[in-house]
Every structure is written in C-alpha cells, then in structure tokens.
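A.B. asks: Build the full structure now, drawing on both the sequences and the hints.
First to last, the sequence lines map onto chains A and B. So for the first sequence, the working numbering puts the first residue at 1; every next one is plus one. So for the second sequence, the working numbering puts the first residue at 1; every next one is plus one.
Bear in mind the hints are in silico, worked out from the structure with no lab data behind them. Be aware that a few hints might be false.
The following label-pair restraints were derived from C-beta to C-beta distances [unchecked claim]: (1) Glu121(A) to Glu437(B): 19 to 25 Å; (2) Glu392(B) to Glu251(A): 53 to 59 Å; (3) Tyr39(A) to Pro248(B): 52 to 58 Å; (4) Tyr386(A) to Arg45(B): 55 to 61 Å.
Covered by chain B, per the in silico footprint, the following chain A stretches (three or more residues, Cβ under 8 Å) [what the hints assert, rightly or not]: (5) 61 to 68; (6) 124 to 130; (7) 278 to 291; (8) 352 to 364.
Glycine is no exception: its CB is placed at the ideal position from the N, C-alpha and C atoms.
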Amino acid sequence: MRKAFIIGLLALLGACTHLGDPRLLAVAPVEVRVPSAEYINGTYRMKGTGVSHIAIMFGGGTIFDGEGKEGTLKLLCASMISGGIVGLGPEKTEQIIDDLSIDISISPEREYTLVRAAFLEEDAYQACQLLVGILKRPSLDNGRIELQRSILTDGIVRQQQQTMTVAFDVFREHYYRGDPRSHKVTPATLRSISRQDLVRAHQKIFIHKPLIGVIGNVDQQLIDELYHSFDSERAAVQVGMPADPEFGSFETNAVEKQCVLVMAHGAPMIEHEIHAASVIANHIIGAGGFGSRLVKEIRTKMGLAYSSGSFYQARPIWAIFGIYVVTEPENGQAVRKAVDEVLQGINKGITVKEMEWARQAVMNSYAVKYTNPNVILERFLEMDYYDIDPDYDLRFLDQLSKVSLLDVQAAADNLIAGPWVEVLVNSNHSIDQADE
Amino acid sequence: MALDELRVERVVLKNGMRVLLLPRPESPSVSYEVRIKVGSVDEPRGKSGLAHMLEHMMFKGTRSIGTLDYQKEKVILQEIDNLVEKLGQAPSENRFDLQQEINRCIEKTRQYQVPGEFDRLYSQAGEVGLNASTSTDVTSYHVTLPRGRMEFWAAMERERMIGPVFREFYAERDVVLRERAQRVDASDKGKLYEELLLHAFSFSPYRYPVIGIRSEIEQLTRRDLKDFYARFYTPENMVVAIAGGFDPREAKRILNQYLAEIPSSPIVEKPIMPEPAKTHSVRIVRKSKEEPQLIMSYLKPTLPHIDDTCFDVIQEMLVGGKTARLTQRLVTQKRIASSVDAYNGFPGARFDNLFMIIAAPFSGVTNQELQDAIKIELFRLQSEPVDASEIERAKRRMKKSILLSLETDTGAAGLLSYFELLAGDYRYMYENLKTIESITPDMIMECSRNYLREANEVIVSLEGEPE
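C.D. replies: Given below as structure tokens:
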C-alpha cells in the first residue's frame, strides 16, 4: 500500500519534471557514426588504451586442406605457435611469450587466416620480432606437432558429443555436397597429416604479403619490416555458392541430451538489390531478439525453447540464411511444427510497424556493433580482403533507409522459401529411452 | 596508459545509488551496466532460482510498457496469483480444475499484453548486447546504445526500477526450466558442477546452483518474485557504470532527473554462517558416456583477504601461459592432459569460495593419474620457494588482463561496476595490483600449505563407462 502510494507520487512527480516517454525517446533521431580507422602506409590504424594489438590477414584458409587431410591448416597454426622459431626452439619461444605476456593466436578461417597479437605497449619491438619469427621461420618441432595433434583430436572428440556441432556438420555435409567445405576434420584425417603436409601448407599461405591492422603505439617502421618480410604478392581466395546442394530433411543423434533444429540455404549476396531488405527481413524473422517472430512465438508465447533465432551472412560471392532452435529432446517435432507456423505467418504478411521497428533497429545499432577496436580492425581487413568498397557502410545505410514494406515482404518470402537443408539432431539418450 | 590515470567520476545520487562515469569522447556508443547486489545467495531456503527468474522477468515490461490496458490486466494477474496460492493448498481432486482456471486466466491476460515490447523499444533505439546475467552474488543488466540515447536508457531503467510487471510468468518459468535443461541437465559435465558445490559447501549459500533446483523452480510464484524484488531492488543496493561517448554534465542531469528520485529502502543482509573448515577430503566419481573431466577444489577466503590475492598469483603461476607450471608439466611435458585450467574465486566473491583446478585427461590417461600429477605440482608450491620472476610475470599478466577489459566500453563498465559493488570501491582493481607487489615467495608457500591440502579438498570427476 505504502509502495503504491510512493509510486503514485512518483508518477505525479514525473509528470511535473517532464520525464520523457521511452517510446518517443527510442525513435528520436540519433547520430549513426560508421566505424572508421586510419589507413596509413598500407596499414589500418586505431588508437589504443595501453595494450597494443596487431592483426594480420593472410589469403587462404581451411579451403586449402586436401581431401582426407582435413585439419591441416588448424594443425599447422597450432604447431607454429607451440613449436617455436627456428634457432630458438619451442621452450625458449614460449618463455619469451610468457615473460612478455604476449597473446598470439593464429586462426584459420575458411578463406583467410587471421593472426592476432596483443602486448603491452612497451614490448612492441620484441612482439614484432617474435611474430615475424613465428610466421616466417616456424621450427615445426615434431614433438610439438604430435602434442597439438593430440589436443586437436581430443577437442574434436569432445565437440562431437555436442548436438549443435553435429547439426552444423551434417548441414555442411549436405549443403556443400561434393565441395571441400563439406569435408569434416576427424581424428582419422588429423592422423594422416605429415610434417611435410604442414610445411607445404605453410609455404602456400605465409609467404604472401598480408593485410595489417594496428591498435596502439607500434612504430610504423616495425610494421613495415613485418610487411616486407613476406615476398610474394597478396593473394585473396574466395569461394562462391555451393554447386550442388543436397536439399532435404536429415536426422541424426548426439550424446548431449538436447535437440537442435537447423535449417538453412543460400541467400542474396552483399551487392544484391534485395540485400538491405533481406537484412531487415532477417531481423523480423529471428535475428531481432525478443521482438522477432521466432523468439516471440517459440520462446515467449509457447515457452518451447530457450534458444532460437535466424542468421543471415552475406559476402560478395556467397550468402546464407538459416534458422536454429535448441530445445529438449521430447520437443523436436513440436518445435519443427512451430517453426512452420512462424514461417507461414511471415508469408501472410509483415506489418508496417514491424518493418519500421526492424529498420530503425538495424540502422541505429549499425555503428554500435563496431565499438570494440579489434572488431573494427578485423572488419576493415575483411572489407579490404573481399574488395568491398570503403563507402559500403554509408551506401548500405542509405539503402536501408529507402526499402519499402513490399521490398521487405519480398525479401522475407525469398529468405524463407525452400528448398532447405534441414537437420534435426536429437540425443542418443532419448532414443535409448524410447527403445526401452 | 597507467591504470590509475583512468578518468572515472564517482557520483552518489541522493537515493544512495552509486554511479561511475567514464567518458570517452571518441566512442560512437555508450555502454551501461546496472549491477544489483543480489544473487542466488540471497534466496530464501527452498526458493532456489528466484534471483535468476527475477532477472528474466525484468524484461517483461512495466505498468506502461508491454500492456494495452494495465488496470484491466492487473485484475486478472492478481486473480492468477490468488488461484496459484489456492492451488498450492488444494487437495489433489481440486487441482485439475484450479489449473484449468489458471490457464483460462492466463489466456485472458494475453488480450492486454504486448509481448516483447520492452526489448523492442531497446532494439528500436539501436541496442547491441541487451542482456542480463545472474550469479551467486550479483544480478547485472547491460546494454550498449548509440551515443545520444542516455535519456532513453534512463527512462527505460527508471520504468523497470519503479514498476516492473511480471507478466507471462508461467510461460517464462517453462523457458527457465528449458534453460536449465540446456545448460545443466543436457550434459553430465553441467551436473558435475552442481555436485561439486553441494560437497564443497556445507552451510554457505554457494551450495545451491544459480539457475535453481528443478523442483524448486517449478514451485516459484509471481508473489515470491514480488517479495524478492521489493527487498533487494533498491537504489542503495545498486551500482551503475556508464562508459563511452557522452558528456558527464549532461549525464548527471539525466541521472538526477530520472533515477535520483526512485525511493530507496535500506538493505538488511541476512547473516551468513561462515563455512566451517573442512576436516576430510571428499571424492566423487561419476560414470558417463561423455569425455572424462577432473575438478579439484579447495576452500579459501574471499577478497579483500591477502590470501585471495595470493591465490590470484598462484592461479597465474599454475596456468597463466604456456610455461605456467601445470600447463607445462601436464600438457607439454607429460602429455597427460589435453587442457588444464585454474580459477580463483568460484562460484562467487561475497563469501569464502573455492580455488579450482579443472583438467581433461588425454585418451588412455585416467583421472587418478592426472590428479596425482597435479598434486605433485601443488606439493612443490608448498615445499619449494617460488622464483620472484614468476610473481613478476603474474603481475604483468594481471595488469594486461585489466587493461584489455578496459579497452572496450562494455568491458570497462562491467569491470568498474563489479569492483565497486563487491569490493566497495572500483579502485580495488588497482589496489589489488599493488597488493601483489607485496606478495613474497614465503607467502605463496604458506598459503599453499594452509589451503591446498588434502583435508580441504573436494574432487569430482567424470569417468568413461564401458560402451
């Protein structure tokens, strides 16, 4: 009672002090600053706050792994750090890394390989020397290769127990049928990789001039030396849409006691005329959190799943759209039905209100996604890598502001139209119980 | 940048809410973190999961957001509360009818509700990372918005601080049960942590899982939530941290206008019985189809006790980097573990907590072999003086880790508010680095002898079962 009185008083007080209405404040015009980094002497640069970072992008990634030798690049990257530098050896290299507290990672992606190093500002010289050594003259110590092989194998065995990993593996197997992207790293493929395979992979990737980004105070001369230590011209590798996807429904199981539904297919690429409308449509379908149709229906109204949503990734020569739901083993079929109903609802019509909400959400949050300096830097490297025009962000924002309801409805209909590669993974556990 | 050069302004609003402001003029956005000193440790006995459930319900709207007609909706919500109460006391023959009646009322509320409106407004305003988390100690609400949206943020947070409405409660309770299923019940590893807590603590509220015990979550009601909210969600119990592109003067005006008038009530913390010293070692082995895992834990004091800082250093010495003791011996040299990690301060920092070592054996290695090898390293800590360079390295790593967290607006808001709330002052993070300077090899040895001993350990493990 007392609390109600206080709240009433507060409401009155609020009216007197002209408190803003959140609904109006949410749509008030706001400045959208697109991310920026300086481009000096071939290097993307940003200010730092005490820790310096170097990001280096080399053309070529896991797509280079030969058939039956999947995991080559992963094993190479892990062994390059662990194995140390020629002349220094693994132990001494690790000692320097740890003494200076330098974090180094080499992450192979599908089309490129990204190297990251973070260190205290005063250690820039040693960090750059170390990076050049690891990237140019890795000792690829046999003992360390075997160690990394065991660690990767162990990781794969553990991941294979997870329903989400299994779901995406099965998806790739069918969506990228007959294409290296459908191949899976397994303990057997890891076993078949020789040291010579690693040397060959190293010579294929870590000889080309990379793209470089820097955060913090790292002398340009050090960066120039780093850049010029690679002799061959820059190489960019890009792979397009799959040639022969196998659409259909596929079911399998995993150890983890949950059920995952993943369904996905190709989508409009980044320069396609309906790309901007597709981004808004994706937000409405499942990427917009609690305001999106999938989450609202499947989680909020039906309480059927804790995790659900949609994803849409677009690049110059490939793009993918998909839906995922994670639920309990017994809810697999109910979730599948609920997803169908949500998609039918999208077909029946998106409202103007929904479209305006999604448009504002996408536009207003555009710059907010890029506030972490590392994320900004990697974005610039990626845009450069894929030859995306530097004015892309402004052009895209302009396109977003111009899409109509008809555009968004057409884009949504296109995104959710079949055929799909649909994967349902349930747990071994529930199948065992059903058998009993 | 020296750590203490960070230009943080600390403001205490007249209702006792503490606000930390870190302006960064070049930032295109602003990150907000609201932390409330309430977590699972504050839950009444038998109501585990309440703090976490409340965190979920804080996104369900307010008296003016998420509803078409709150006055009409409220009447039905109260009716549901009354029916749920009756259901709890009803004889079994009446329960079916009562449940049907509750379901009918829930259906009726839907005509007045606008699901997801609270999130939708944030989304429209351009949020990224709108989320919340509940731990044993703290509940946190965080979001990043474009610069220029502070008034919107303050208006939204004011709304939910003065009048949240816990609508759609029963559907959300199902969601929480599914979250539990996904995070804990789906894997034996998830359950292993619950088992660890149960055996590591006899009296401490750290004994219970944050997400709650399934049978207790199923019994939570809206009334439980309202009582808990009224008790702990008060400005004096909150810390707000704001980092990013804003003008501090404008920020203070907005904070005073929107948040300073929210009434506060004093918090009476329930007395917590200190966890008694352990007298014997506990070992729990669970058979599983999952890959094996070993967790070793030791009870120890929390911050600001000097021993807690010693354990920060010990953690770094054991697993901080490739040449750290456990990583080097177990992974690189003996090749018996595929991974090893250590964590100081599990599961929280408000009360005495655990120093924990988590390791995964390579195929063909038993947990016992792994455990024996870890113990050899723990014994070395107790018996051999530590090299001063190891402490120096630990200090560097800790400094870098803080600097890395402060690099982003989100990280800075999170870190500042965490220390302000739990240590009483955000500057604790600098002070702790200075305290490390005073740590000597003898202190590390003594600390290891006092705590890393057999009678103080709880070991839980997953071991493979034959196919």
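A.B. asks: Hints numbered earlier in the text: which of these fail when held up against the supplied structure?
C.D. replies: Hints 3, 5 and 6 not satisfied by this model.
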